[in-house]
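*Asks:* Sequence:
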Amino acid sequence: MNESGPQTEPEVDQATSVEIPRRTFRWKWGLAILLLGIAAIIFNWFRLAPDRTYQVFSVYEGIRNILVGLLIWWLLFSGLAWKTRFQGL
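Quick note on numbering: the sequence shown equals residues 15 to 103 in the numbering used here.
I should point out that these hints are in silico values taken from the structure, not numbers from a laboratory. One should not assume that every hint holds.
[To be verified] Have a look at the derived ranges for each label pair, beta carbon to beta carbon:
id: 1; residue 1: Leu62; residue 2: Val82; range: 20 to 30 Å
id: 2; residue 1: Asp65; residue 2: Thr38; range: 43 to 53 Å
id: 3; residue 1: Pro64; residue 2: Gly102; range: 21 to 31 Å
id: 4; residue 1: Gly44; residue 2: Glu75; range: 16 to 26 Å
id: 5; residue 1: Arg78; residue 2: Phe100; range: 18 to 28 Å
id: 6; residue 1: Trp96; residue 2: Arg61; range: 16 to 26 Å
A virtual CB, placed ideally from N, CA and C, is assigned to each residue, including glycine.
Kindly produce the complete structure, drawing on both the sequences and the hints.
*Replies:* In structure tokens, the structure reads:
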């Protein structure tokens, strides 16, 4: 006997067929923050050349700014899993 009704396809579990996107490590952003920070420290060193005290304090400020920038990049924009981010701290 031949049925003329619609043929049913075997059901596929959608959860197993969806591919999880792979996370990529965005290391170039971290390198850019580091290089820009170093360039800013060098620029301030020569801009404040006559006064050694201001030069030294500008280096402290520059290092602090680099560390804050790298921390923000690591926690928010590095592209790694949260478990890896917290292990890196």
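*Asks:* Against the structure shown, which of the earlier numbered hints fail to hold, in ascending order?
*Replies:* 3, 6
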